[in-house]
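K.L.:
Construct all of the structure, not just a fragment, from the sequences and the given hints.
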Amino acid sequence: MQDIDTLSSRIATYITFTALSFTIIYIAASSWSAEALYLNPLLMPLYFLVTAFLFLIIMSNRIPLSTGDKLALILIHAFLTRIVSIIFFYPGTSGDNTYHLAHERTLYTFGKYYQSLNPITPPEIQSLIGKLFVFHRASIQYGLVTSLSKMLYIDVFWIHLSLMATLWSLFVPMIGFKTSKILGTNDRVALLAGALTANAPMIIGWSYGTVPNSLGFFFFVVSIYFLLKSLSSKNTSNYIFLILLATGISLLTHALTGITVFIMVLLAFSMQKYYSLRRTHSTTASSFLALSFLTCVMLIPAASVLMYLVYPTYSSYSLQKIFDYDIYHIILANYADYTTAETLTYGTTTILAIIGMIIHSQRNDKKNLNLFMMLAFILIIAEYRVNLYFCTKPLFGLHRILTFEPFITAPFAAITINYLITATKPASSVSLNPKSSKRETRFKLKFPRNQAIVTLLICLGLSALIVEGDITNFGDLGFRREPYGINSVYSTEAARLIHEEYLRTQEKYAVVTDPVSEGAGMALVGRYNPDEFYLFKYEGNLEIFRSLLRDLSTESLLNATQYNGATLVYVIVAKWSVARYLGPSADFQQVMDILSRLLGPPFAIVGEGDRQVYVFRFRAEHTTGTGPSVIIYEDFQQVSLNTTYSFINLGDVTYQLNVTGATNYSITGWPTHWSYEQIRPQANASIDSNAWINFTGSPTVNYTIEWTANEYYPNVVWKDDAFLQGWRYTGRVSNYSFTTDGDIATESIDSPLIAQDWVNYERQLPSLQNCRTLLVRLKGDANSVFSMLAWQNKTIVLSSGHKTATTKFKIYTFTLPNNTTLTKIWISTITPEGKPATIYWDYIMFTQD
Amino acid sequence: MELGKLEEIIARDDRGVFTILAIVSTIGMLINSITFLSPIVGAVLTTIYFLVNSILLGNVFFKEENTNFRILFGLLVLLMIIALEGASLIIISAVFPIRFDAKATVAILNLATIAIWFMRRVRFAKLLMLKTS
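Protein chains in written order, with the numbering used here: chain A, 872 to 1720; chain B, 10 to 142.
For the record, the hints were derived by calculation from the structure and aren't laboratory data. All the given hints hold, so there is nothing to weed out.
Pairs of lysine-lysine residues, derived as DSS-like cross-links and limited to a Cα-Cα distance of at most 30 Å, are as follows:
| hint | chain 1 | residue 1 | chain 2 | residue 2 |
| --- | --- | --- | --- | --- |
| 1 | A | Lys1052 | B | Lys72 |
| 2 | B | Lys112 | A | Lys1002 |
| 3 | B | Lys72 | A | Lys1105 |
| 4 | B | Lys112 | A | Lys1379 |
| 5 | A | Lys1238 | B | Lys72 |
| 6 | A | Lys1144 | B | Lys72 |
| 7 | A | Lys1695 | A | Lys1650 |
| 8 | A | Lys1105 | B | Lys14 |
| 9 | B | Lys112 | A | Lys983 |
| 10 | A | Lys1681 | A | Lys1706 |
| 11 | A | Lys1237 | A | Lys1144 |
| 12 | B | Lys72 | A | Lys1237 |
| 13 | A | Lys1681 | A | Lys1379 |
| 14 | A | Lys1052 | B | Lys14 |
Quick list of simulated restraints, FRET-style, between CB atoms:
| hint | chain 1 | residue 1 | chain 2 | residue 2 | range |
| --- | --- | --- | --- | --- | --- |
| 15 | A | Ala1335 | B | Ile123 | 49 to 55 Å |
| 16 | A | Tyr885 | B | Phe45 | 33 to 39 Å |
| 17 | B | Glu74 | A | Asp1236 | 17 to 23 Å |
| 18 | B | Lys112 | A | Ile991 | 28 to 34 Å |
Ideal placement from N, C-alpha and C gives every residue a C-beta, glycine not left out.
P.N.:
Next comes the structure, spelled out in structure tokens:
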């Protein structure tokens, strides 16, 4: 009968725990949104309850569950934590996490490490050592993910998404449990250690994504277990092999974790040597251990600095840094800048562990293991402090060194927690009124036992710590980076549509895009895919993208085609990126309308909200053909000749006219949006670029007259291409010049009076209405700045702001506000640094849609 | 069948039947990646491969643990071996033109299986112990 009760209680506990876990997963899944990160208000309270329930189960002796059952529940909880995070961040955090997926995708698709497909061989991989060093980076992760993906025939994305969570949930609690057991603790302590090792607030965030550093931390905890086993087991040889395996893997996974594991192995070896030396030479043994410890502390700084021998790194150490800290920061280090909540969240485990180490060292017979763990703990703190005080350019984020700490401290924190519970003695019954015996019998009240209260409080406290750690990570990795904290599903969908188009047409392409879509695209087709090439930051993706948004000119897109020789360029623009790169006041729809004009109607519009993306297509092909005719007078005889055109980009079309056989040429009647450029070979010419070109030449010479045009804006309302009349000086400096050759106006300041001086010219406009765009083509001398203002009577309706002119002619596009009548325009040349400045104005045009 | 019983059968296998089964499962994975293209088939074959080799590895290195821990630690070491082999292949590809494709994966898995077989056959642990002592 008792067995049946036990079994039913056991089943009930499993069902309740699992049902609660599934409820939480359901809530997380059903409240997930593609448009924005959302944390359902029910989620964390429920997760808190489940976590508290787990700790109650671990600590209670009344719940009829075996140690194995409790460990199974810890594993279920660990999986629950990771599954919720996967759902919350689905399809994964942007940045490093996505780029590693992209590298895995390259390996999966092409069978090659991504750097072997790089069209430009970076200098660091030109030597064999450099190449081996670069290829080893993250190779463990890429090798494992790709192998599993090919074994299971499951897309590499799913393996990447779930690998770290699975490894962490399955093995870390188990290793925490076993580590604690090796230290000689009872089952309850070991179970607590298992739960804490998997979920300590400082490390919980590392289990959310598959990045080499996370995998490195995972192999670190594995190595610590094997080291402890080697120090305590009779089968030392077995564990030596496993330690070598774990060390090798850690070194190939991530430099920081690799070096740290190596240091721990060195420390364990030193300890063994210390114990063997101590039998004969006690003083020598202590000196040896102290020296070994110092060597271990110095290994990370040494490795950080020496790494430049194989790879261009930048780490350096200096005494100056410590002098910049106040005493408060020197003593408290990372805690100096923590809030009270952060101090409790990150410091509680450490304080409990220090107490646990003291308690355990008094009781335990496994002194060598205890000493190893204590030294490992001090070593990590020392590493952190050395880097904090002296490292001016850390190779790795300093907080990452502290991440090793909970793996060491969790078993000791569990010892203290257990001590707190067992040390609390049950309270006796207390009467409300001890004087009255009658009342005593009627109102005798039994308070809950102290132990129960302490246990409950500890369970709630531990649960709160874990939940706070989780929420902090959701904030740091997600909410604070919104809307680009996660790899948007809309960007992924856009990349998928482009990929499907490629599968249909087999036409290679390049993609210029915002950083999130860049990662999403690479994650889908791989990095350095020669046919589907997503430009990375090293290929100037962000610069080209920002230049496209800022200048609204397709010129920069031509740079995107140089890496894979594609003629087709896709542009993916996420809504948030316009606000981010053009400022919060930028009108997204207006920018999309202009891009639609420049690049054609969108290839696709995906999603809603801030993560909505527009996909455009741009073809960078050299196109030639016959253009419109212009009127020519050859020796005063009118003829009509067709022009020819050539262009790669409709924003910069060159029209040419070839004439020969006459002495006097007079040309007129070209379309308004054309801008005269030059006559080749040079001839004696008289030009008004707005209306006519007259020149004399030799009848035997073939002359080519050249115009440029921006065909995206053919409807010109008003233009000035000659700057011959109507321009009036309005200030500010006196030592200026403004000249024109009938084509280019040169506006310059020769000797500025102040650092940022300017000269300004204005021209009255014939009350232009319904103009949408102002186009200006210009160039400047080095560091020359220009600015333009368009006026409606006495009101400025458009300000270009101060812009540094390029040294080659470039068209700048400005969108005009609706329903304005333009009456005046100002053009200014500005000296940015007090040096002479010159702007060469080719034309100014106002156009309609 | 209980896990302990299954482990006992696999671990006792002196004729190498289960090692051959693991190798056959890897060949099945290769065929799956060419013909069936099925994640279900892949999952079944991977389970066979992991189960056999995890049990065998667990029995080489973690004899003193109970069945569950032995198999789980065996799986952990197996994953580490596969990861190390995969990484080695990537590093070698810096020098030699090797592709990390389905065939290479199967080669890695078989190498791991043969290595485990070798560890068992030559009583690897004892061999190491002799050398270290």
